[in-house]
Each structure stands twice: as structure tokens, then as C-alpha cells.
Amino acid sequence: MFDQFDPADDKMLQVIDNNGKVIDKERMPQLSDDELLKLYRDMLFVRTLDFMIVSYQRQGRVYTYPPNYGQEAIGVAAGAVLRHDDWLVPAFREMGAWLAKGVTMKDIFMFNMGFEDGMRFNEANHVLPFSVPIASQLLHAAGIGYAVKYQKKDEVTIAFVGDGGTSEGDFHEALNFAGVWKVPVIFVVQNNQYAISVPVKMQTASLNMAIKSKAYGIQGLKVDGNDIFAMLAAFRYAHEYARKEQQAVLIEAVTYRKGAHTTSDDPTKYRTAEEEKEWDRKDPLRRMKLFLEKKKLWSDAEEERITEEYKKEIDRQFLETEQSVKYPLEDAFKYMYAVMPQDLRDQQIEHEKFLQWKNGRK
Amino acid sequence: MKAMNIVNAINDALDIKLKEDKNIVVYGEDTGFEGGVFRVTEGLQKKYGAERVFDSPLAESGIAGTAVGMAVAGLRPVIEMQFCGFIYPAFNQIISHITRYHNRSRGRYRMPIVIRLPYGGGINALEHHSESMEAIFAHIPGLKVVVPSTPHDAKGLLISAIESDDPVLFLEPKRIYRAIKQEVSEEKFSVPIGKAKVLSQGTDVTVVAYGAMIREVQKAMVMAKEAGYSVELIDLRTIYPLDKETITASVKKTGRIIFVGEEPRSFGVGSEIMALANEEAFLHLEAPPKRVAAFDVIVPYPRGEHHYMITPEKIFYEIERTVKF
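Residue numbers (the numbering used here), protein chains in the order written: chain X, 254 to 615; chain V, 125 to 449.
Chain X with its partners taken away, still in its complex shape (with noise of 0.2 Å):
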């Protein structure tokens, strides 16, 4: 595939079109109806929370959150590649792949709600917490690939950043790290055109962000981020080759952020209503829902239907959450140092005194 799709020659990975058409039969990943189906309620499952989640913002329940929306389908086809061993190295703009590890909505809630309970991810094997030092993340993925090879282990790791973070310095390392050390590492860069405010064009003057891979000689590959088939053929295809060639992988995944930077963040300030449009086309899941129509597996009324159970238990899990965090001053200091040197525990006992002076002159 890495032949067919040279990044050199800025081609493009589609399996189907705008209107849900299979255009590339022969990428067209086997799946079965019920396959089929849960990708398509997985990427409607990240729409509705995040919709929700969103929504908590506006009511002042979570804190700044940086939306899903239009993204779907690359998270998702990841989650759908990545076994329980494997490991995810997130940026935060991939919740599919997290649900798809094990990450719960509590964890998200939590996690946006300011606790960082939330990124502890008890129920989750081998994600690391979410990375908000544009591109920094990818070098720790770099490092997993190291150690797992070391340990003879069979564990491929996804790592994601998006189109803005190429232009860091970590980018270029951890590219190199993975290259000169040959690790079985996928980087995922989500070209959604904008870093918040900046448009693409301004990050990179390379042909795509594939071709970067050829500086670093490994392979690339150009995917429609918005075709979650081509999505997930890109992702088992490198995935495969990572782990037999033990090798790392730089997949560009083209797409658009629908939705705002994040909750702060107005977009109508540096795009236009007729760019939105376009890609609403485009959008990932109008894609497939066209595509299951065509196939009769789907119907609005089935989609309405399942929507609304989707919100009913988002609402009922955040409720449950909103109820039973708290945040203890000792959770401030206790996992500071796996074992807490005793001037920091001074500082929390110096801190308790005045506690009890403030509690005792009311």
C-alpha cells in the first residue's frame, strides 16, 4: 500500500466517497453487518458525549474542553486496531481510540470536570494520560516502542498530534528517535487545517504531512481522516507492518475540526461559512450513514432512537460523577514523589494548622 500511496505523489487513501460509494473496492476493509454497525454507533457514541460534554461547558460543569466534532472517524478506526496490550499515546483529540482502550466517561468527566483522578484510567491498559505540551507526547511513544522491543514484546503503540504540533522540535525527534531505532511505533498526525487559529498552510511548506516521513526513512501514508474505512484499512495495514518490520509508520489522517479549538475558542473569527459547508460533505459520519442506508442497516429513526439512549446514560454516568468527586488537599501533594520527602509533608501539615486556626474562628 505504502507504493500505491506515495506521499511524494500526494495521493490520497479514499475508499468512499462523499456520498458513501466505495470507490476502492479492494481497500474496502471485511466487515461484517454487525462490524459495520458498531463503528458507525462508536463514532456516533463520540459525537453524542461530546455534544454533551460541550453542552456541561456551557452550563458551567466542566472547564475548557476541546471538542471531537468532525474528527470521529480517526479515533475510532484506531480504537478498532488497537489490542488490549497495545498502547495509546494521546494528544486529546482522539476519544474514540481512548473509549475503545478502556477509558470510561467518568474518566473523561473527571478529567474535564479538574480532577486529576480522571487521568489515572483504572480501567484502562496502557494509555497514557492526555499530553496538552504540543508534540512532547510523541517522543514518549518513541520511548514505549524502544522498551517493548527491548522486552521482546508484541505490543505496537498509536501516538497522535495534530498539524500544528509537526512543527515542533519533539516532532522531528521523535520521528528520528523511531527511525534510527526502528520501533513499532504509528504516528498519527490529524491534519484538521487548523493549529486554533492558524491554518495549515502557515505550519508547513512539505506537499503533506506524510511525505515528512521520508526524512526520517520511514513509511508514509496519506488517509481521508473523514472515511473511517480508509481510516481503518490505513490503521491495520500499519499496524500489521509495524509489528512484523518492526518498524514505525507516520500516517496523515485529513480532516477538518468542525467543532471550535475548544470551548474558549471562536472559529467563526478565522473561517468562513462557505469552507464549513464544504466540509460538511465531508463530514465522517454522514459518509457512513449513507453508506448503511445504501445497505439498508440504518435508518433515522434507528439513529434517533439510539441517540437518545446514548444521552439518557452520558446524563445518568455524569450525574453519578458530578456527585461523588471531591478534591482533598493531601491528593495536592501525595503523588508528587512516589515516596513524599518529609519537607513536603511538612508543608501539608504547616497548611492543616492554619486549617484548623480558619475552622475554628467561625
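Read the hints as simulated data drawn from the structure, not as lab findings.
Heads up, a few of these hints could be off.
Stretch-level coverage of chain V by chain X, calculated; a stretch enters the list once three of its residues show a Cβ under 8 Å from a Cβ in chain X [to be verified]:
| hint | stretch |
| --- | --- |
| 1 | 189-196 |
| 2 | 343-354 |
| 3 | 357-371 |
| 4 | 420-432 |
To spell it out: a stretch of chain X is covered by chain V in this simulated footprint if at least three of its residues, at any positions, have a beta carbon under 8 Å from a beta carbon of chain V; those stretches are [as the list claims (entries may be wrong)]:
| hint | stretch |
| --- | --- |
| 5 | 367-376 |
| 6 | 393-401 |
| 7 | 512-518 |
| 8 | 522-536 |
Model, not experiment: these values are computed from the prediction.
Don't be surprised by glycine CBs; every beta carbon is placed ideally from N, CA and C.
Once you have looked at the hints, place chain V on chain X.
Relative to the frame of chain X, chain V by itself:
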């Protein structure tokens, strides 16, 4: 027992730990085949293989960042930054991840990473090769910062650092890498992190120093003795967590305290020691606490470095002024 300098002692500690624990990997720029520009890791690649002791691409952020991933996946990386002045590209990985991962993951992922860092001046080097910027690192929550002054402590502290489940910045006083030879046990032993050592008992003034400055203070103490001043010398050995008890007890006894360091004076380790003396021993003080540290300037190039470096005479001068205050 075997006569070792600091270079031999660090090499010996790495050798012992590499033999003992397969999860330990050692890497950095020139660290593998050549054994490092200071030859500290010499012979280790040959003994333990290029999978465990190796040269990385020339990228400090890459070295530190990949160590995070290795630690997450169960390894215990010992990484080398070639010179203190080259660590800054790795600063983001240190302050944003290495020191935060344990907290961010609520204890799920530990960061048993040792960052070896040759530091300090007095070696007639190019720019960026003589800095003593340990205070920047001691200021970062989540990090431990240690610095030996003898071969014995270098070996024992490095073993403790490698066994620590928390990240440790291990400063190596390169000026005295080969200056001191000492009989050191060839067996495994450790020097605890967080414990200073009283090197000489005294009654007139407490001097707190570490690393290459210990030797300079000891030279000043010969002059002080001749002048009739009794100096208590504390080798800090660990900058963070600071051994407040040892310093406080000493200053309460002597009533005077001087910090000696080759770091820029303001907002430094010395400032912290001064604050400690004031907070914990205020009523015992008979003279103002004093910092004998470098100027707040960039380390001058070799021909001007003598203006910058702390000399025994300068230390003696301040000891005398403090005792006579």
C-alpha cells in the same frame, strides 16, 4: 577496597546496577561506544551490549522524552546530558513530563529516571560548558537533585538515584572528576538521598557547600585554622530534598552560616539556605547569613573565568568577616 576517582566510582555504580537489573538502560550522546566524552561509561557497552548501553541521536529533548516512554513501559533509564549547558532543549520534557507523570497519572506511572549531568566551571572550557544552574532544577516540584563531592559519595548516591522510583538529577562536578582518589568499596553500597554530611565539626561558623566547592572550602579552612577560626563544614550532597535538620542543628550551634557555591548568587540554592537559617534559627544568629556565590553573570570565557570562580581566599575573607561581625 579500590582506589577510585569520581569517574571510576560512577562507572562502578553503573556497572553494579546494570549487572543487577535488566530493566536499566544507559544512553546519551557518545555514551555507548566511546563511553562518553568524559569516559564515565567506558567499557559498559562492551560488557552489557548495545541494547542496554548506547548512543542516541544528538537531541537532548529526544533523550529525555524517550526516557519517559521507557519508564512508563517498565524500564529504568539512566540518561546522560553531555554538559549542563546542553540540557535546556530537554528542559520541557523534564519540567512538563518527567517530574509530573507520577502526579498526572495519580501514581500509576512512576518515573525512575536518572539524568546524569556534568556541571560546573574551572575547566577552561568553551561557552555553555561551565554552568552551575542546579537551582533551576531544584525549583521544579517532582524532581530530586543530588551532587556528590567524593568518589565514595558519587558511587553511593548514584546507586540510590538509580534505585529511586522518583526522577533524580545527578550532578557530576566535572572539575574534580579525576582530582580526588579515594579508597572505595567495590561492593554495592548506597548513600541516602536527602542526607547532608558534616565533614568537619566546628564552633564558630557553619559553611554549607557541595560538589567541587567542597575542596575550595577545605583549602580556605586551612587558612581559617591558622587564623584561629573553628569552621563546621556541611557537604549538602542532596540539594532537593534539602536536609534541613542537619543545617538547622549546625547553625543553632555555631550561630553563623555561610553558603559557598559556584552558582549565580540571586534566587539560588544559597538563597534557600539563607531563608532556612532565618526561618529556623533566627534567634541563634550572631551574624547575617552570607552567600559566597558567583556573580549574576554568564560564566566568562576561560581568560576571564578567574574573576568568576570562587577561590579559597574569597571564602576565607567571608569567613573572617562573618566571625568578626
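Verification of the supplied hints:
1. 189-196: Since 8 is at least three, the answer is holds.
2. 343-354: Coverage by chain X is violated here, the residue count being 0 at a Cβ distance below 8 Å.
3. 357-371: holds (count 4)
4. 420-432: violated (count 0)
5. 367-376: holds (count 5)
6. 393-401: It holds: at least three residues are needed, and the stretch 393-401 of chain X offers 9 whose Cβ sits within less than 8 Å of chain V.
7. 512-518: violated (count 0)
8. 522-536: Violated, because only 0 residues of the stretch 522-536 of chain X bring their Cβ atoms closer than 8 Å to Cβ atoms of chain V.
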